[in-house]
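**Student:** Residue strings, one per chain:
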Amino acid sequence: MAKRRLFWAYVLAAAVLAAAPLLLDAYWVDVLNSVGLYALLALSLNLILGDAGLFNMGHAAFYAVGAYTGAILNTQLGVPILWALPVAGLVAALFAALVARPVIHLRGDYLLIVTVGMGEIVRIALVNNVFGLTGGANGIFGIARPSLFGYRVRRPQEFFYLIWAFVALTVMLFNRLEQSRFGRALNYLREDEVAAEGSGINTVRYKLMAFALGAGWAGMAGSLYAAKMTIISPESFSFWESVVLFLIVILGGSGSIPGVIAGAALVVGLPELFRKFASARMLVFGLVMMIMMIVRPQGLFPLRRPRFREADLDREAVP
Amino acid sequence: MEQFFQQLTNGLAVGGIYALIALGYTMVYGVLKLINFAHGDLFTYGAYLGLTLLVSLLLQDRLGSVVGVLVLAAMVMGLVGLIGVILERSAYRPLRTSPRLSAVVSALGASIFLQNALMLIYGARYQVYPENVLPQAAVSLFGLNIPLMRIVVVLVSLIMMAALYLFVQKTKTGTAIRAAAIDQGAARLMGIDVDRVIRLVFLIGPALGGAAGLLVGLYYGQVNFTMGWIYGMKAFTAAILGGIGNIPGAMVGGLLLGVIEALGAAYLSIAWKDAIAFVVLILILIIRPTGLLGERVAEKV
Chain A
1 MAKRRLFWAY VLAAAVLAAA PLLLDAYWVD VLNSVGLYAL LALSLNLILG
51 DAGLFNMGHA AFYAVGAYTG AILNTQLGVP ILWALPVAGL VAALFAALVA
101 RPVIHLRGDY LLIVTVGMGE IVRIALVNNV FGLTGGANGI FGIARPSLFG
151 YRVRRPQEFF YLIWAFVALT VMLFNRLEQS RFGRALNYLR EDEVAAEGSG
201 INTVRYKLMA FALGAGWAGM AGSLYAAKMT IISPESFSFW ESVVLFLIVI
251 LGGSGSIPGV IAGAALVVGL PELFRKFASA RMLVFGLVMM IMMIVRPQGL
301 FPLRRPRFRE ADLDREAVP
Chain B
1001 MEQFFQQLTN GLAVGGIYAL IALGYTMVYG VLKLINFAHG DLFTYGAYLG
1051 LTLLVSLLLQ DRLGSVVGVL VLAAMVMGLV GLIGVILERS AYRPLRTSPR
1101 LSAVVSALGA SIFLQNALML IYGARYQVYP ENVLPQAAVS LFGLNIPLMR
1151 IVVVLVSLIM MAALYLFVQK TKTGTAIRAA AIDQGAARLM GIDVDRVIRL
1201 VFLIGPALGG AAGLLVGLYY GQVNFTMGWI YGMKAFTAAI LGGIGNIPGA
1251 MVGGLLLGVI EALGAAYLSI AWKDAIAFVV LILILIIRPT GLLGERVAEK
1301 V
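Those protein sequences? They're chains A and B, same order as listed. Going by the working numbering, the residue at position 155 of the first sequence is 155; the numbering climbs one at a time, nothing skipped. Going by the working numbering, the residue at position 213 of the second sequence is 1213; the numbering climbs one at a time, nothing skipped.
No false leads were slipped in.
Partner residues are not named here, just some residues of chain B that face chain A (Cβ under 8 Å, in silico):
(1) 1035
(2) 1094
(3) 1095
(4) 1102
(5) 1105
(6) 1113
(7) 1274
(8) 1279
Hints were generated in silico from the structure; no laboratory data involved. For glycine and all other residues, C-beta sits at the position ideal for the given N, C-alpha and C.
Hey, can you work out the whole structure from these sequences and the hints?
**Tutor:** The following block contains the structure:
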C-alpha cells in the first residue's frame, strides 16, 4: 500500500518537475538545477551514511575528484564531458576505495574526523596545483558544454532536464539496490556489525563497496557540475560542502530516498525563498540541526521499514 | 640553526595553544565519549570576547598591562566557561542517552550556530587586536632573539596545564572527574553527582579554550570568526595524538603537533602546512589509535 503511494508520489513529482521549466523563469530553474545536483550528491552520500551507517564527512573530496577528472579530460584531451562522466565516476570510486581501505575499520566519530581530514587534504592538494593539472586556487575554466545527440545543452532549462533525468535514473537504480542482497547487507551492517559479520557478511568488503559506489556516483555528479558551471575551483569543494550534504541526508531522513530528495529541496531550495536573510542561513541550519536531533532524530521523512504482519502470513498460506 | 630554533620556539608557542584547546576536547571525551565539535568555536568566542573587553574596558590602561591582561583573561575564561555550560545544558544534555550520531550532529549544529552568530554580530572581516597591549620586546635567549609574547604564550599554557593536572590529580573534585570518566554508573553509586561533574568539565574545558583564544589574539594580533574550525581540528588531532581522554596526553600531543607543524612548514613546504596536521591525524589513527600516552583501548576503534 505504502509502496504504491510512493510510486504515485514519484509519478506526480516527475510530472510537476517536467512542467516546471515551462512555468518558471531562468533563475528558479537554476535553483532547481542546484537542488537536483545536491539531490544526486546527497543520494550518493546516503548510500554510505544512510544505508551503511558510515559517518563520511568528506564527501566533497570524491565530488571534487570526479569534477576535476571530468574537467581535465575535457580541457586537456578534448573528451566530451558526458563521455568523461563514467571515467570520472570510476576514478572517484577507485580513489575512495584506495583512501578508505586503511581507515574503514574505524567506527563512528573517528571515521567522521578522518574523512574530514581527507576532504581537507584533497582541497589543499587542489589549491597547491598537484601534478600541475588542477590549476591551483583559480581552478579550471573553459570546460565545454555537454552535447547530447548532436544537440548542445546550454540554457538552464536544458540542463534542468539533463540533471533531473540523471536524478530519476539514480532514484530508480538506488531503489533497486536498496532491495537487493547488497542493500540489505548494508542495512544489516548499520544495525549490528557483529551480528552481520556473524551471518557471513564480509563487513570490510561491503563497507568499501558502499564507499566506492557512493563516491563514484558523487564523482559523476561532480562531472555534471563541471559541465554546468564550465569553471571549477577548490572553493566549491570545501568542508562546508560536505557538511551541507551530511545535513541533507540527516534532515531528510537517512536511508530514505524520498527523504533525501526532500532534504535537498529544503536545504538548497528553501533559503532561496528567504534571500533577504541569506546571511542568517547557516545560523538557522545550526539551530535546526540541534533542535531536530532532540525532537526528531530520525529526520523529516524517515525510512519506513516493511513490517511483518499476520495478513502477510495468510497470503503466503493460500496457494 | 638559527631558523631551526626560531621555528622550534614558534612551534612550542602554537603547540601550547593547541594543547590548551585539546584539553577541552579530551576532558569532554573522557567523561561523555563525545567529540564536542563546538569547542573550536568556543575558542573563537574567547578571542572575540577578549577583543571586545580589551577595547571597551581599557583595563591595560587602568590597571597596568600585566594586571590588566590577567583580569581580562579571568573575565574571558569565566564568560566562555559560562557559554560552555549553557551549550551543554541546551545541546548535549537532552541527547545524553541518544545514539552517538544524534549527539555528533547536534554538536556540529552547535558549532555552525555559534560560528554564524559571531559572524552576524561582528561581521565576516578579520578583527584586529590593538597593538602594544603587552610590551612588544624581544628577549635574547642563548643568542636568539625571541619575541616576548612567544615566551608568554608558552609559559601561560604550561602553567594552566600544570594547574589543571594538579587539580584533576590531587583534589577531591578532580578525583570525581576521573571516576566519572572511568565508569559513570559506578561513580553515581559512589555518591558522585555526575551531572555536576559534566557541568564542571564544560566549565573548565571552554574556559581553557577561551584563554587560548585570547592568547591567539594577543600573539597574532588578528582574529577571524572561522578560525575556530581549523584550530579545533588541529587541537583535536593533538588530543588523539596524545591519547584521547588523557590529560597529560593532550599536553604532549599539543606541543608535539605544534613543533611538527612549524618544522614541517619551514623545511618541507609552507603551502602544505595545514595538511600536515591532517596527515598526522590519519597516520595516528591507522597506526596507533590509542595515541602516544593512551593506555585504555578506545572501545569503539
